[in-house]
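S.K.: Got chain A; can you put chain B on it based on the hints?
If you want the building blocks of each chain, they are given just below.
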Amino acid sequence: MIEVEQLTKRFGSTLAVDDLSFSVAPGTITGFLGPNGAGKSTTMRAILGLVRPTSGNTTVLGRQYRELEMPSQRVGALLETFDAHPGRSGRSHLRVLALAGGIAGSRVDEVLALVDLGAAGRRRVKGYSLGMQQRLGLAAALLGDPEVLVLDEPANGLDPQGIRWLRDFLRSLASEGRTILVSSHVLAEVAQTVDEVVIIDRGRLLRHVAIAEVEALAAGSTTVRSPDAGLLLERLVSAGLGARSVGEGRLEVSASPEHVGEIAASAGIVLHELTPARATLEEVFLELTGEPGERGA
Amino acid sequence: MTRLFAAELLKLRTLRSTWGFALVAFLLAGLATAGNIGGTQALERHEPEFQFRIVLDAAFPAAVLSLLLGMILVTNEFRHGTIARTLLATPRRGRLVVIKLLAGAAMGAALMLVTLVVTASTAAVWLGFLDVTLELGEAVDGASRALVGVVLAGTLGAAIGGAVHSQVGALVGALVWIFVAEPLCWALLGLLDAGGAAEYLPAASLGGIVDSGGGGLPFAGSVAMALVWTAMATALALLRTSRRDIT
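So the sequences go chain by chain: A and B.
Quick note, the numbering used here runs 1469 ahead of the 1-based positions in the first sequence.
Quick note, the numbering used here runs 963 ahead of the 1-based positions in the second sequence.
These aren't lab readings, by the way, just hints derived from the structure by calculation.
All clues stand as given, with none of them false.
A few chain A residues facing chain B, derived, Cβ under 10 Å: (1) 1478; (2) 1518; (3) 1519; (4) 1544; (5) 1609.
All C-beta atoms, glycine included, are put in the ideal place defined by N, C-alpha and C.
Looking at chain A on its own, in the form it has when it is part of the complex (with noise of 0.2 Å):
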């Protein structure tokens, strides 16, 4: 559905993506993610025609999107940086592109309604807050009523109640089976929602892997708490886990809780405490590119 075949990207001297390649199969979610500055909005660019590759190749169900015959009504996008003019209202923002993309001009007071923008429409836009303007161009993305849908890190400038709903709405999209790309720096943004997960660092492809899996990396170790945890530690070394004290009665064990309350009570010990220690989505996201923090983008 999109295919991505070693897309290299340069402006100038600064290398924005490198060779990268990969693809997001029909009717799954896929969350496109890295630091900011890793080539993720360059990328979906070059998806969407609007930058033109070194060299590779970007095709949106089977071609070029500037093969496509009316692509706003086969592939719905939302950009990274606002893109209505500020004089005009949402609402004929909208029917201006309902005219150009061939779209019943009835899509327009139902999409505004979608994202919850009808009172808001006959605003100009410049009186929009950020918020209102990312639904604004969710709205815009959703318009031709597309089969593919391309959101360049929509929960930018959202509060957290914006976020929620986001996360509700690419749910309620994902339930009705498009096919969507969704880019985001903070892996949480989208973890809830995507199938899979394009994970590029500097341009280059670092995993592409389910959620699942990324999950997985997540689930870690146990802490476990006993006022017998010399003996404790005895019992879980012998069963072949990995485990060490971490100091006040306290052990790290590289093992479920439920494994290690069921050692702990075939040998009698008593436990104070025993808790799953999980590694947050982010801190593994963080592994996996290698980042301690944020880049310039």
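M.R.: Only chain B this time, still in chain A's reference frame:
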């Protein structure tokens, strides 16, 4: 193509700046016509040439406004970042450039229509009050020339906008060219005894279409040269727009 052209016209209609330009054209046409009638001797008002000149003199500000609005029609897309959304609907960039030129021409025709209505209304009322008979043939001849000139100005403006992309660069560059650079070229060519060549310059050829003075290239020659300059700007617009990354 039809729906894309209609979308471009809707873009123009839904912006206040377009209506602002129309209002300025309205006012300038009224002022130019009133100034022309009021500043002309009573006897001269009966001459067909005077009535021909009324129409063309009112068209000059419309041509400048049309040129500027043509540029804004394209450069607005880059200034406000709407070009990305436009290209998502019209990914074939050559087609987009052609549609912008057509929109520039249509917008020029609309501005000229406003100008003609104001000029005709003002002249009919005022000259009627002065018992001057209107020579319809001369007025229609002048209106036809003016329409061609203003439509070409809008088209050339859109082509320049497509070649330059920067709104400030296009507008300032065009005004500097029209009011500073080209007059300097005229002077320089005059000093070199090649003053005739200056008539082929862009502003002179465009001005020649709506110039009632009779100097410079004939009407057909002015139209041909304006078309040549428009074609050159269009070629640059196609090249620049097709190669540009929208980031």
